[in-house]
Amino acid sequence: MDEDLMDVDAVGRIDLAFDKLSKKDIQTFLFVYSGHHDEDGLDVGPNLKYPLDRICDTLIKWNESKPQFGKVIAFLDCCYPKKLNLNDSPLKLIQLNATAPTTEASADKTDGSSFLKCVMQAFTANANGTGCEIKECKGNQCREHIRDDFITLHDLWEYLYAHNLCGNTPYLNAANLEMKDTILAYNYKKKVQFEFTVEWQDTALQTKCVLPKEFKDFIELKLILAASILSEYIFL
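Counting along the sequence shown from 1, when you hit position 15 you're at 39 in my numbering, and nothing is skipped either side.
Since the hints were made in silico from the structure, they are not lab data. Keep in mind that a hint or two might mislead.
Straight line, CA to CA, 20 angstroms or less: simulated PhoX-like cross-link-like pairs of lysine-lysine [stated by the list, open to error]: (1) Lys95 / Lys116; (2) Lys204 / Lys95; (3) Lys73 / Lys106; (4) Lys85 / Lys95; (5) Lys116 / Lys90; (6) Lys90 / Lys48; (7) Lys215 / Lys237; (8) Lys106 / Lys48; (9) Lys116 / Lys48; (10) Lys47 / Lys106.
With beta-carbon atoms standing in for the labels, derived distance ranges [stated by the list, open to error]: (11) Glu168 / Ala199: 25 to 35 angstroms; (12) Gln230 / Arg78: 50 to 60 angstroms; (13) Thr148 / Arg78: 47 to 57 angstroms; (14) Pro125 / Val32: 24 to 34 angstroms; (15) Val222 / Glu63: 46 to 56 angstroms; (16) Ser89 / Ile243: 21 to 31 angstroms; (17) Glu63 / Lys213: 25 to 35 angstroms; (18) Val216 / Val56: 14 to 24 angstroms; (19) Ala131 / Val32: 43 to 53 angstroms; (20) Ser89 / Trp224: 16 to 26 angstroms; (21) Gln51 / Asp112: 12 to 22 angstroms; (22) Gly155 / Leu254: 28 to 38 angstroms; (23) Val32 / Ser89: 20 to 30 angstroms; (24) Ile253 / Leu201: 24 to 34 angstroms.
Bear in mind that the values here come from a model prediction, so they are computed numbers and not experimental data. By construction, the Cβ of each residue, glycine as well, lies at the ideal position given by its N, Cα and C atoms.
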């Protein structure tokens, strides 16, 4: 952890993070939150709240000091998610929420919230070479909404709306957008995987392909590669 943050609570760390980011040459700010939210703000720790209005004030001041910072993309996976109130700021806003501002968000006791899982899947499913993993989805029909070379806001909205996300309907807020601002990402359609050549003792060289979604850190990757070698020496 940064030494500046060692003795600071979560609210202070968020403030410091915003301060550091605002000094960089950033044009688009991506904000993702998953957790509890009520009238007092976002839960960021035991008995600690971070008001959404505080975030909005910070973003407005950031834009005023550095006009090249011009777009905010936010995903709020929480109950009663309010619109980011950027007032008369020229900031462009794309905000997708798990549910309406008057509704509680639901989650599966085992799998958690489907909202962010669905968002990430929209951007990565083709590259991961997998079908839809949202259990409420039937027949991978959602893939029909992500077909072109680029993923637009409309594509993502239709993709999210096509899923019954634990009974919740996603909610969209947008402001100051031009057509070009609705292009969110390139839709990489080819399967992406890492290819490793593994050499161990006197065994023959082995090639193992691993999907990015199969590991989260280097330790998990090493276990996968080790298992591919050891499997050759296990006889039932």
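**Prompt:** Can you give the numbers of the hints that this structure goes against, from lowest to highest?
**Reply:** 8, 10, 13, 16, 17, 19, 20, 24
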